[in-house]
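Q: Hey, can you work out the whole structure from these sequences and the hints?
Those protein sequences? They're chains H and W, same order as listed.
My numbering numbers the first residue of the first sequence as 125 and each following residue consecutively.
My numbering numbers the first residue of the second sequence as 29 and each following residue consecutively.
No wet-lab data here; the hints were simulated from the structure.
Where hints are given, some of them may not hold.
In silico contact screen, one side only, chain H against chain W (beta carbon under 7 Å); selected entries [as the list claims (entries may be wrong)]:
1) I314
2) N318
3) R377
4) T379
5) L381
6) L422
The beta carbon of each residue, even a glycine, is placed where N, CA and C say it ideally should be.
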Amino acid sequence: MNTGDIAFMLTASALVMFMTPGLALFYGGLVRSKNVLSTVMQSFICLGIVSIIWVAYGYSLAFGPDISGFIGNLHWAWLNGVGTRPGPYSDSIPSLLFCTFQLMFAVLTPALITGAFAERMKFSAFLIFTFLWSSLVYMPVCHWVWGGGWLEKMGALDFAGGTVIHINSGMAALAAALIIGKRRGWGHEIFHPNNLPATILGGGILWFGWFGFNAGSALAAGGSACLAFITTQVAAGAATLSWVFAEWILQGRPTTLGAASGALAGLVAITPAAGFVSPVSAIIIGLIAGVLCYMAVLAKSRLGYDDALDAVGVHGIGGIWGALATGLFASVTMNPHGANGLFFGNPHQFIVQAIGVGATMIYSFVVSFIILKAIDITLGLRVNIEEEVQGLDISQHSEVGYSI
Amino acid sequence: MKKIEAIIKPFKLDDVKDALNEIGIKGMTISEVKGYGRQKGHQEIYRGAEYVVDFIPKVKLEIIVDAGQAPQVVEKIRESAYTGKIGDGKIFVFPLEEVIRVRTGERGNEAI
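A: As structure tokens, then:
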């Protein structure tokens, strides 16, 4: 064991934990004031639900001994045998610390989906969805990529969760937006963001936490973490600029929401590539991510689904681009444990990445769709019209966000 | 007695207040209001979604003056609220029946 690595990973875990309340602010500022608390709550409560699931059986399903490359078995349920000694995933930190670090990812992922169904889902239905989705979608896909599953064996690269976290949550968000339907007033009413400064601050907290997310995914305080740190910074910076300039050109004004959204798009896109690509490649990945995600957000209104806070456009599209870009820009000169991508003479890696993208998209979309349909038929996903007009803060939680 | 109501651009409030102070107007009531006239609303863009906002912020002043002073007040407001661009606002003059000061019970011009 290495005390430097342990200290670093404890810190990284706390940084990733902080992303969930950061996301709560980011999303919370974007909705109408009558729904600010319900939106914040949907992120915050994931810290509760997923923490318990993770200890009970989640960690074991995701990282436990492999069953046919698809999922882990239950030998590590209730963290049986997961203790203060190093485990199979790292020689230098206790397996309990690896488990804690991964828990923070599992908390954040279902919270990302909430952007799609903000302002209209019943809180009870949301809790059941989060419980089922974490168990049936997150754990298997996490196992495929990181827990010794089939994608990992095939050689798919995902440094910090482009497929596991972002494509996964983005496709679930698409299924959710399609099933729950548009918000009342969509297309003719103004959905005024209630607090854009909160959104910008939330975006800043996400950016800050992302250093734990990406650099921490090196699992050691070494060169790989340093590479991931700088690629994270410059990709986010590049995407901030490219989103803002794209909207300035196309719609005539550079907006603060565009800057925060661009940063997020860049962070999403660099996630799978962070420890495998050079800082210059990271800038290119970021520049493209900003424009691509902005286009995806513009296309949404033409396609006619109401992904309220653009979880699909940012996390889905950004994640797909990032995973594919890893297959283009990865280089063994940057990380000998990685692979070369297409631009470094290895087209095979790009194909492997594309398979990972396709499999995750299909699995996540289909299973999420089934879960949501099942909840809709039995319990009902959506609040009634009166509750929706009144706002979810009052109708679901008996509170108001602002009393001024 | 007259009641003068003026709808003006918010950033002109200080100029109007100072101008009225100069001619001895001792009090006024203001409120932040929204509305539209010939000046149409403005556009807002959130993540690419463009909205036209019809109602734009204005400030409404209410001033009570002696009938003889009303033309001078109206002129002062016009001068100080003027930018020459569309949306400078409007001034309304109403006849006023009675004014009562709550503390003393004074009435009419005494109470202004």
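Q: For every hint, state whether the structure bears it out.
A: Status of the hints after comparison with the structure:
1. Satisfaction of the interface hint for I314 (chain H) is found here, the shortest Cβ-Cβ separation to chain W being roughly 4 Å, below the 7 Å cut-off.
2. For N318 (chain H), the shortest C-beta to C-beta distance to chain W is roughly 12 Å, which exceeds 7 Å, and the interface hint is violated.
3. Here the hint on R377 (chain H) is kept, as its CB sits about 6 Å from the closest CB of chain W, short of 7 Å.
4. Hint on T379 (chain H) holds. Least Cβ distance to chain W is approximately 6 Å, under the 7 Å limit.
5. For L381 (chain H), the shortest C-beta to C-beta distance to chain W is roughly 6 Å, which falls under 7 Å, so the interface hint holds.
6. At a threshold of 7 Å, the smallest CB-CB gap from L422 (chain H) to chain W is about 5 Å, leaving the interface hint in force.
The structure does not agree with numbered hint 2 stated previously, though it agrees with all others.
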